[in-house]
Amino acid sequence: MLDQSNIFVHLAAGHNSPRPKQFKKERIMKLSKLCLVACMMVLVAGLIAGCTTPQATTQAPAQGADQQPPETKPAEVVIGVYEPMTGAQAAGGAQTYQGIQLAAEQNKEVLGVPIKVVLVDNRSDKTESATAMTRLIQQEKAIVVIGSYGSSNSMAGGEVSEKAGIPVIGDSPTNPLVTEGKQFYFRVCFIDPFQGRVMAKYAKENGIQKVAIIKNISQDYSVGLSAFFRTSWKELYGSEDGIVAETSYQDGDQDFTAQLGAIKDADAIYAPGYYGDAALLMKQAREMGFTGLFMGSDAWEAPELGQIAGAAAEGAVISSHYSADAATSPDSKAFVDAFRAKFNETPNTFAALGYDAFNLALDAIKRANSFDPKAIRDAIAATKDYPGVTGSITINETGDAVKDAVILQVENGAFKYLTTVKP
Amino acid sequence: MAAKRNLYLTLVAITVVAILLWFAQENLNPYYQRILTLSAIYSMFAVTFNLIFGYTGQFSLGHAGFAAVGAYVTALLTMSPAQKVANFFLQPIVPFLRDVELPFLPALLIGGFVTVLVSLIVGVPALRLRGDYLAIATLGFSEIIRVLLVNLQPLTNGALGLKGIPSNTNLLYAWGMLGFCVFVCKRLVDSSYGRAMKSVRDDEVAAEALGVNLFKHKILAYIVSSFFAGIAGGLLANLISTIDPKVFYYTLAYQIVGITVMGGMGSLTGSIISASLYTIFLELLRPIESQINIGSLQIPGIPGMRMVIFSVLLLVVILFYRKGLMGDTEFTWDALFRFLRKPKGRNDQEGKVA
Amino acid sequence: MTFEAFMQNLMNGVSLGSLYAMIAIGYTMVYGILRLINFAHGDLVMLGAYWVFYGVAIFQLPWWVTFPIAILLTTLVGIIIERSAYKPLRNYPRINLFAAAVGVSFLLENLAIVIFGGRPKAFSRPGFLDSQIKIGNVTLVSYTLIIIVTAIILCALLIYIINRTKVGMAMRAISKDLETTSLMGININHIITIAFAIGSALAAAGGILWAVKFPQLNPLMGMAPGLKAFIAAVLGGIGNVWGAMIGGLLLGVVEIMLVALFPTMAGYRDAFAYAILILLLLFKPTGIMGEVQAEKV
Numbered sequence: 001m002l003d004q005s006n007i008f009v010h011l012a013a014g015h016n017s018p019r020p021k022q023f024k025k026e027r028i029m030k031l032s033k034l035c036l037v038a039c040m041m042v043l044v045a046g047l048i049a050g051c052t053t054p055q056a057t058t059q060a061p062a063q064g065a066d067q068q069p070p071e072t073k074p075a076e077v078v079i080g081v082y083e084p085m086t087g088a089q090a091a092g093g094a095q096t097y098q099g100i101q102l103a104a105e106q107n108k109e110v111l112g113v114p115i116k117v118v119l120v121d122n123r124s125d126k127t128e129s130a131t132a133m134t135r136l137i138q139q140e141k142a143i144v145v146i147g148s149y150g151s152s153n154s155m156a157g158g159e160v161s162e163k164a165g166i167p168v169i170g171d172s173p174t175n176p177l178v179t180e181g182k183q184f185y186f187r188v189c190f191i192d193p194f195q196g197r198v199m200a201k202y203a204k205e206n207g208i209q210k211v212a213i214i215k216n217i218s219q220d221y222s223v224g225l226s227a228f229f230r231t232s233w234k235e236l237y238g239s240e241d242g243i244v245a246e247t248s249y250q251d252g253d254q255d256f257t258a259q260l261g262a263i264k265d266a267d268a269i270y271a272p273g274y275y276g277d278a279a280l281l282m283k284q285a286r287e288m289g290f291t292g293l294f295m296g297s298d299a300w301e302a303p304e305l306g307q308i309a310g311a312a313a314e315g316a317v318i319s320s321h322y323s324a325d326a327a328t329s330p331d332s333k334a335f336v337d338a339f340r341a342k343f344n345e346t347p348n349t350f351a352a353l354g355y356d357a358f359n360l361a362l363d364a365i366k367r368a369n370s371f372d373p374k375a376i377r378d379a380i381a382a383t384k385d386y387p388g389v390t391g392s393i394t395i396n397e398t399g400d401a402v403k404d405a406v407i408l409q410v411e412n413g414a415f416k417y418l419t420t421v422k423p
Numbered sequence: 001m002a003a004k005r006n007l008y009l010t011l012v013a014i015t016v017v018a019i020l021l022w023f024a025q026e027n028l029n030p031y032y033q034r035i036l037t038l039s040a041i042y043s044m045f046a047v048t049f050n051l052i053f054g055y056t057g058q059f060s061l062g063h064a065g066f067a068a069v070g071a072y073v074t075a076l077l078t079m080s081p082a083q084k085v086a087n088f089f090l091q092p093i094v095p096f097l098r099d100v101e102l103p104f105l106p107a108l109l110i111g112g113f114v115t116v117l118v119s120l121i122v123g124v125p126a127l128r129l130r131g132d133y134l135a136i137a138t139l140g141f142s143e144i145i146r147v148l149l150v151n152l153q154p155l156t157n158g159a160l161g162l163k164g165i166p167s168n169t170n171l172l173y174a175w176g177m178l179g180f181c182v183f184v185c186k187r188l189v190d191s192s193y194g195r196a197m198k199s200v201r202d203d204e205v206a207a208e209a210l211g212v213n214l215f216k217h218k219i220l221a222y223i224v225s226s227f228f229a230g231i232a233g234g235l236l237a238n239l240i241s242t243i244d245p246k247v248f249y250y251t252l253a254y255q256i257v258g259i260t261v262m263g264g265m266g267s268l269t270g271s272i273i274s275a276s277l278y279t280i281f282l283e284l285l286r287p288i289e290s291q292i293n294i295g296s297l298q299i300p301g302i303p304g305m306r307m308v309i310f311s312v313l314l315l316v317v318i319l320f321y322r323k324g325l326m327g328d329t330e331f332t333w334d335a336l337f338r339f340l341r342k343p344k345g346r347n348d349q350e351g352k353v354a
Numbered sequence: 001m002t003f004e005a006f007m008q009n010l011m012n013g014v015s016l017g018s019l020y021a022m023i024a025i026g027y028t029m030v031y032g033i034l035r036l037i038n039f040a041h042g043d044l045v046m047l048g049a050y051w052v053f054y055g056v057a058i059f060q061l062p063w064w065v066t067f068p069i070a071i072l073l074t075t076l077v078g079i080i081i082e083r084s085a086y087k088p089l090r091n092y093p094r095i096n097l098f099a100a101a102v103g104v105s106f107l108l109e110n111l112a113i114v115i116f117g118g119r120p121k122a123f124s125r126p127g128f129l130d131s132q133i134k135i136g137n138v139t140l141v142s143y144t145l146i147i148i149v150t151a152i153i154l155c156a157l158l159i160y161i162i163n164r165t166k167v168g169m170a171m172r173a174i175s176k177d178l179e180t181t182s183l184m185g186i187n188i189n190h191i192i193t194i195a196f197a198i199g200s201a202l203a204a205a206g207g208i209l210w211a212v213k214f215p216q217l218n219p220l221m222g223m224a225p226g227l228k229a230f231i232a233a234v235l236g237g238i239g240n241v242w243g244a245m246i247g248g249l250l251l252g253v254v255e256i257m258l259v260a261l262f263p264t265m266a267g268y269r270d271a272f273a274y275a276i277l278i279l280l281l282l283f284k285p286t287g288i289m290g291e292v293q294a295e296k297v
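Taken in sequence, the protein lines are chains Z, R and D. Going by this note's numbering, the first residue of the first sequence is number 1, and it counts up by one from there. Going by this note's numbering, the first residue of the second sequence is number 1, and it counts up by one from there. Going by this note's numbering, the first residue of the third sequence is number 1, and it counts up by one from there.
In short, the hints are calculated from the structure, not lab data. The C-beta atom is built at its ideal place from N, Cα and C for all residues, glycine as well. Just so you know, not all the hints are guaranteed correct.
To be verified - Output of the computed footprint for chain Z on chain R, the stretches with three or more beta carbons under 8 Å from beta carbons of chain Z:
# : segment
1 : 28–35
2 : 243–254
Said to hold, decoys possible - Listed next, the in silico BS3-like pairs over lysine-lysine satisfying Cα-Cα at most 27 Å (straight line):
#  : chain 1 : residue 1 : chain 2 : residue 2
3  : Z       : Lys163    : Z       : Lys384
4  : R       : Lys216    : D       : Lys284
5  : R       : Lys216    : R       : Lys198
6  : Z       : Lys201    : Z       : Lys234
7  : Z       : Lys384    : Z       : Lys366
8  : R       : Lys246    : Z       : Lys163
9  : Z       : Lys333    : Z       : Lys108
10 : Z       : Lys366    : Z       : Lys116
11 : R       : Lys246    : Z       : Lys182
As the list claims (entries may be wrong) - Taking beta-carbon pairs under 10 Å as the criterion, some of the chain R residues facing chain Z (in silico):
#  : residue
12 : Ile165
13 : Gly304
14 : Met307
The following block holds chain Z by itself, in its conformation from the complex:
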């Protein structure tokens, strides 16, 4: 019974006798007939599609892209993008996609073949992320995929792409687990252990003696960073005594007064989390009379942070990937100008990372001189000193980028570049 059954199996239990019905039977019957027919058609259509195109199931790429030397060019190259455009992480997804849009506008073709960018929304949700990735690979025939903001979304997509053998370049998932054990997942950002160390080092260099950690316990990102910060703190200070408190909140929480009440005597608060939460936290901390330093992470970087927190955010420091102020290379200056021209705002970290991820994908295709996903994968893995706008990118053996981090400080509501930290 376990392995053979179907939607009609409950009939085995004995045909039903028609029951008395008090409502408009006709309409229901008609409707149910329609549904039944619709369902059958869907099922049959699916099966026919399956029968007629058996090659569609082959593990790796398909259609055109499959092991074709570049001389016989496919009609178009599909680059898939899966980002959280709706749901809890929509803000980050939208910013990333701006960068990707700009990159796509500047590069209409690769190896003489037009590029088609297909964006699929993963709704900040794991189930949707996996489906979105499957769609990009199987339906849209993407040969390389960019994404996703939010490590948990990336992890779900990574399981699918790994099996299908399609390379993915993560723009900003910083959790170490994203590329762990994955041959086809790469990223253009640094990872959280480094980011945690950067802030611990900053604290040490700036004479912070007592720190309190407030983490969002329901976000993998926040939990991970807090742990890495703690480890680095212990290494640098020799003990954990300086961490006077570690407390937490959850998604959807907006009142942090109880958490803040417990940590009034700290010199600094380290609160890696999303900027909406962070802004409220800073505002409430200042209202309660906290005068120390706020330390945060890359997810704080959004113009809204300063707008929401107002004066409370002044002086807060964060670790991040990139700063438009520090844009020294001609490429990155050109990027900032082009971005301002297109969107009428200064690009932030996530836009820049999206831009880099897209361009690295194109660069890898060019270096591989092929549209074969395997060859592109090897080219991405071999990336060395790629001049991205967020800095020079070298992919290491685990598929992560080894890059500098920058430290930014809030000044007049905007993020100002402070310094660069080498890995």
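Starting from the known structure of chain Z, arrange chains R and D on it as the hints suggest.
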């Protein structure tokens, strides 16, 4: 005569569909496979919710919690020890869980049983509550489970979630389990227990007066419901290969209510049709969000449009097909034959017979 | 914990609790009359806050103009929802109403994502709500007091309406027995619409004050307060206005105190809150203030 004919027809249908599924498993595009598999999993959620609410009248919103327990147990039992060690890099996993590794099917069943045990902790006392109080108690229960999953890092890896769960779930497993689930539920609701359940739904006081043991029947429906919801959770975990507590947010229970009402309270067929349509429609609507080119005119895609249209469709079904797509009717061969005989579908006569 | 710290936490708890209470009153009002768990209530909270945001940010209106307009607009939306989505289902099983509420809630959230955008927006507080007050070692921001006072005033007003006016009497009649009430020549549709309007207005007021306290707007911001208010309403005895007020205050204070007393266990806060709720329901199945209703046979 007709009974025998129907039995044969059913057996033939099962065989045919099993062969089709097996064939699809081998040949169908993985994207369609995933959608069909998800359909089966959501169908299981809807069918189990229908059992506890549609047939027994107990408004339980604990499905997200059931699914979470099933998913985590199955995932932890099927992952390889090496994979678990790699996952639990912040806090090591408890040794007992680290070393255990089971094949998929036993893991799935254990997941179902553990779900039942956990759900009984709240179910036994809470099922004495009525109506909306039961709803909020079970909703709270499912949120408690989620909070525990987030906090008990050595057991669940907390917010980091689990990844690298073997992707065992396929079309055959999903639809097979759904078949098993529907079979059990159908047997149950057609039995004397089922009639007692319906009497509890229609009028608790009257049912009790007639000698129906309210608690026994409620808890029976609750156990069967949570068992299969746990299994559906396990299937989901082994389909997407990675889970974290956010997957089992209480809004999952709302989705399941929506799907079930859309299909029709008290119709297992309706639940399955509605869950499949839900999954398929969400994917069919995707092109709406991408850029549409009409000649040289470009309409930029609006992210989120898909969900807006989907919610409108949901509301339309709820408002205009108030009994749901199937009402409380089931698919039967007899109905199919009547349908085939009178394809134009004026069923005056039938109404009288019924 | 020192006395000052205790007072500080208590004030913070009461101010959070008053917000829960304001939203819970709307919940409980709709529930008392229609027996409908209106899950779209939390999204009306979100709408109320967004209207103010647009009024202030785009039309540059002063707060004393935007607040009433925002409440009016939200009330209008509430009435439209009631008329189009809930009224047609009034004579159907309550699960249909519940599903409709879930559908409306999905629709409002997704529309908000499409129209307002997913990025959190900054809400600017009117200046008079921003000043700090120091009483001993307890620091308060003026909005804390204003929230508490507003909640009490609105609650009292509502109780007056329900107990002392004709409309209120009709509402009480409907909540006892809808059919009989209609036989008495009372225009049920009219009264239910008024109840929805009041509920939505309270949601909007709650949303505006919520945004004053937590000046960050996003399309899903209504979900957490909505659920918390629902719990508060159940805690107090759903359908009972005083109960909602007490439930809201209790929930707010308990939430803050749990974290303040056990900062390292902060992650378990919601689990404790729900456990308390479930235990309370087991011993007093109709909440703190709920009436025990005789079963109809």
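Hint-by-hint comparison with the structure:
Counting residues of the segment 28–35 of chain R whose CB lies closer than 8 Å to any CB of chain Z gives 7, so the stated coverage by that chain holds, three being the minimum. Chain Z is given as covering the segment 243–254 of chain R, and this holds because 5 residues of the stretch bring a CB closer than 8 Å to a CB of that chain, at least three being needed. For the given pair, Lys163 of chain Z sits about 26 Å from Lys384 of chain Z by alpha-carbon distance, which is consistent with the 27 Å threshold. A hinted pair counts as satisfied when its Cα atoms are at most 27 Å apart, and Lys216 of chain R with Lys284 of chain D qualifies at roughly 22 Å.
In summary, the hint linking Lys216 of chain R to Lys198 of chain R is supported, as the alpha carbons are separated by about 13 Å, within the 27 Å threshold. Of the pairs offered as hints, the one joining Lys201 of chain Z and Lys234 of chain Z holds, with about 11 Å between alpha carbons and a cut-off of 27 Å not exceeded. Restraint check for Lys384 of chain Z and Lys366 of chain Z: satisfied, since their Cα atoms lie roughly 14 Å apart, inside the 27 Å limit. Note on Lys246 of chain R and Lys163 of chain Z: the hinted pairing holds, with a Cα-Cα distance of about 24 Å set against a maximum of 27 Å.
With a C-alpha separation of about 21 Å, the suggested pairing of Lys333 of chain Z with Lys108 of chain Z holds against the 27 Å cut-off. Our distance criterion of 27 Å between C-alpha atoms is met by Lys366 of chain Z and Lys116 of chain Z, whose separation comes to about 16 Å. Under the criterion of a C-alpha separation no larger than 27 Å, the hint pairing Lys246 of chain R with Lys182 of chain Z is consistent with the structure, at around 23 Å. Among the interface hints, the one on Ile165 of chain R holds; its C-beta lies about 8 Å from the nearest C-beta in chain Z, closer than the 10 Å criterion.
A least Cβ separation of about 4 Å between Gly304 of chain R and chain Z falls short of the 10 Å threshold, and the interface hint therefore holds. Checking Met307 of chain R against chain Z by beta carbon gives a least distance of about 6 Å; that is within 10 Å, so the hint holds.
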